Amino acid sequence: MGKQLEKKVGSAGRKVNLQEFRSGVHHGIPVGLGYFFVSFTLGITAKQTGLSSLQAALMSLSIHASAGEFAALGIIAAGAGYWEMALTEIIVNLRYLLMSCSLSQKLSGSMRFFHRFLIAFDITDEIFAFSVSRPGKLNPFFTYGMMVVASPGWVLGTFVGAAAGGILPAVVTGAMSIALYGMFISVVIPSARKDKVIAGIVAASMLLSGAFALIPVIKDISSGFKIIILTVAISAAAAALFPVKEEEREEAA
Amino acid sequence: MKNNIYIYILVMAGVTYLIRLLPLTIFRKEIKNRFVRSFLHYMPYVTLSVMTFPAILSATGNVISSAIGFVAALVIAWIDGNLFKVALGACGAALISQLIINIL
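As you go down the protein sequences, you meet chains Y and C in turn.
Sequential numbering of the first sequence, starting at 1, is according to my numbering.
Sequential numbering of the second sequence, starting at 1, is according to my numbering.
Source of the hints: derived by calculation from the structure; they are not laboratory data.
Predicted model only: the values in this text are computed from it and were never measured.
Don't take each hint at face value.
[Unchecked claim] Here are the simulated BS3-like pairs of lysine-lysine, each with C-alpha atoms no more than 27 Å apart in a straight line:
#	chain 1	residue 1	chain 2	residue 2
1	C	LYS85	Y	LYS196
2	C	LYS85	Y	LYS194
3	Y	LYS196	Y	LYS106
4	Y	LYS219	Y	LYS194
5	Y	LYS196	C	LYS32
From just these sequences and the hints, can you work out the full model?
So, in structure tokens, the structure goes:
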């Protein structure tokens, strides 16, 4: 891949790509460390479900999805069919469809096509959030920089959790389960702090989600569907009430 | 476990990859519609917020220690958005409060 690309972009492009890659690595380090924590608890769950450490690591390497993998372990534990697995993953991971739609808007039309296949491999909540908030068009090398540190954090954490998680007392692994949500919060709050509209949307989303967990009938909807229903409804309301200013459309390819 | 673990992994990996790949390869034209653009702009914040709350309250198995971890995460994220510090701080706060609860 390297040789063809170098010829195409020339040395100036190569330098920019390297800078973007380094910036991605820089952003990816705290993400990778956070992933290690979260996937450690995932590894413990995988072990309890009956997976070997290597199988758990393979699962994390090929999926890169926190909620998707936790849900998948539930399916495996229940011994449910493959089609149930497929359906569950579609529901739980459907948010990535929306994220990919959004990320697709950040990619330059002149970017070589194979980059889309590589980027798609590791669109996680965090890598997406950092990639989409880059100014101008997204240089794929930024995302690759994040991937090369975040992915090993995720895969190694799963492996170590499955191999050695059993030695930790339950009170410690219980507390570690918070890390997953801590990651989500660390993505949302800094933007909410800068932008009052986002702050209001975050608060409204949490309140409505809390209400959905309490209201009879609605509370019985699967969590994957709840996420989709609330995401579509609240984002649509926000888009209607607070349309994004057109100035954010400048193109710095 | 009745079924083959590797087929399970293959199914979930295939489905998840397609979900991520298809929009990137199909919707390549720039969306001009302001509503759709705004929707896509707000969407990640909504999804992450919805996924966090109220699920976080049952994370540790105890509502009080989970809530303390939640507040710690909000405060640390507000002061310093570093993902690792937020995750570590939230875990630490939940652990300490859970240990205190266990003693009481």
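Hint check results:
Distance hint between LYS85(C) and LYS196(Y) is fulfilled; the C-alpha atoms sit about 24 Å from each other, no more than 27 Å. The hinted pair formed by LYS85(C) and LYS194(Y) meets the criterion: a straight-line CA distance of about 19 Å does not exceed 27 Å. Distance check on the hinted pair: LYS196(Y) and LYS106(Y) sit about 24 Å apart at the alpha-carbon level, within 27 Å; holds. Annotation: proposed proximity of LYS219(Y) to LYS194(Y) is violated, straight-line Cα distance about 33 Å (limit 27 Å).
For the suggested pair LYS196(Y) and LYS32(C), the alpha carbons sit about 25 Å apart, so the restraint of at most 27 Å is met.
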